[in-house]
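Asker: FYI, the numbering for the sequence shown is 1 to 549, going by the UniProt record's numbering.
Just so you know, the hints here were simulated from the structure itself, not pulled from any lab data. There's no promise every hint is true.
What the hints assert, rightly or not - Restricting the straight-line Cα-Cα distance to at most 35 Å, the calculated cross-link-like pairs of lysine-lysine (DSBU-like) are: (1) LYS184 x LYS160; (2) LYS105 x LYS124; (3) LYS105 x LYS268.
Here the structure is a predicted model, which is why all the values come from computation and not from measurement.
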Amino acid sequence: MSKNDGIERSIESDKTTQIVEDEVSNRDSGDSESRSPTQGDSTKRYVPGLPIIHNKLYHGSAKKNSRLKRLPSNVLRKLSNEDLRNVRSHTELAETANGVRMLMKNLTRATIQIDVKAIMIVTKARDNSLIYITREMVQFLLTRDKEITVYVDKNLQDSKRFDLAGLHETVPKAKTHVKFWTRKLSMRNPEAFDLVVTLGGDGTVLYVSNLFQRVVPPVISFALGSLGFLTNFEFDNFREKMTQVLESGVRAYLRMRLTCRVHTADGKLVCEQHVLNELVVDRGSSPYVTQLELYGDDSLLTIAQADGLIIATPTGSTAYSLSAGGSLVHPGVSAISVTPICPHTLSFRPILLPDGMFLKLRVPWDSRSTAWASFDGKVRTELCRGDYVTVQASPYPFPTVISSKTEYIDSVSRNLNWNAREKQKPLSSYLSQESTDMLNTEAAQADGAQHRGSRSSVPLDDDYDINYSAYDSSDSELNSPMPSSPNSGFCTPFSSNFNGLSYDERQCFAHPNAKISLNPSALNSISSSPLSTNSEVLTINPESALHHK
1 MSKNDGIERS IESDKTTQIV EDEVSNRDSG DSESRSPTQG DSTKRYVPGL PIIHNKLYHG
61 SAKKNSRLKR LPSNVLRKLS NEDLRNVRSH TELAETANGV RMLMKNLTRA TIQIDVKAIM
121 IVTKARDNSL IYITREMVQF LLTRDKEITV YVDKNLQDSK RFDLAGLHET VPKAKTHVKF
181 WTRKLSMRNP EAFDLVVTLG GDGTVLYVSN LFQRVVPPVI SFALGSLGFL TNFEFDNFRE
241 KMTQVLESGV RAYLRMRLTC RVHTADGKLV CEQHVLNELV VDRGSSPYVT QLELYGDDSL
301 LTIAQADGLI IATPTGSTAY SLSAGGSLVH PGVSAISVTP ICPHTLSFRP ILLPDGMFLK
361 LRVPWDSRST AWASFDGKVR TELCRGDYVT VQASPYPFPT VISSKTEYID SVSRNLNWNA
421 REKQKPLSSY LSQESTDMLN TEAAQADGAQ HRGSRSSVPL DDDYDINYSA YDSSDSELNS
481 PMPSSPNSGF CTPFSSNFNG LSYDERQCFA HPNAKISLNP SALNSISSSP LSTNSEVLTI
541 NPESALHHK
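Sequences and hints are given; from them, build the entire structure.
Answerer: Take a look at the structure:
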């Protein structure tokens, strides 16, 4: 495959995961017009290990050396084309699916080379000590050679702790390069910021998601306190890390968000929210169990009778969904988690649904009460009977700067003690010093014999003084039938007659020489006589009662 006919890439990827054309695309510009579709299919070969996006997705009517139509943006645009829905073979479809999968994989490896000119700093609220830290961060960014405009919360404009006038004296550049952001600015003009820095915890990151309801700049989060699931950078190293970000770019997780829209029963839109963690629909203050109809792609999935439902993203799988028994989901997995809250059934298990599914939660008309919806714990809205909430994957992901390759596992292990267990001690740790010396001497002798090539003195794996491996389940003694008394068979009941009454006799394995006889007439009489005693139900057959050898 020549470079001229390759796909123009905007992402640098490994050689083993590059997206290449198939053999048909190599000849498409030359002799594809002279071949029939049937001949083209017969000469196409699938190369294992090399992900392929089929030429149909990016060529179209492109002529030779036409590269514009092979850009990744055009490839993705054609994924919803009608041509893709009518592929000519399953191999062609598999190649396309594998190519798209590799595109998604390469996105997680991409480094965003951003020319940072405007940085927005979001500080945790209701903590005055963080104002001094914010000032320290601003002063560091302004003293760099690069021209950077720093935006801080407008509430700090007149703050004595922030001391804007003193900052102007210390760093004269602050007069023109320190500005103030507002909620209105972040919602209307999110492109004004190249990078967002948060100082606080996971709640501060969720606040940033609430600020940017459309496009979100890359977010780097410094933990002030204990490290969280979204704050994986320690503030003590903020100078080194910010220098690296400004000079070398960032790698970011494109964390999925959910677009949630609340509608009335007649279809009128009430509100729209993009959530990073979860949508929660619960019973609120009502004492009744709430009923919620859950639809997936307009098909009824189930009717939940519970305290509520949690519709969570992979990021939100470590939040409320986790407390309700939901699964842990890696942020790189594109899935929607549905977790019930205290369901009134034992069989309602959490479920992961594909991110392409369109969900709808509706309050039935015959529901005993209304429900309440909250979005990342905010904007609590009442759902009356007939109202519904639609949920789908948001086209505006939330990019968070990656601290390390093992960031997610580290955070789960650190915050949840995931799979934390005391390691089993070796049995040799219980030996006395004398026994330990003897064991070490024996091991040294075995190693020496092995080096000399003498295998006879090396103990084998099964050369133990005590070994129970010989007593396995294949022994004939374990497979022998259980003992039984004479004339009783094994455990098959048989009937006998004693004094004109019919008895049901069964083998009693508690004692091999005993039989229990049940009197059917006594069993029938117990239902009509509440005062019947056990002696009327269980009678012992004197002919076979408790024989001893």
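Asker: Kindly indicate which numbered hints from before are broken by the structure, ordering the numbers from low to high.
Answerer: Of the numbered hints, just 3 does not hold.
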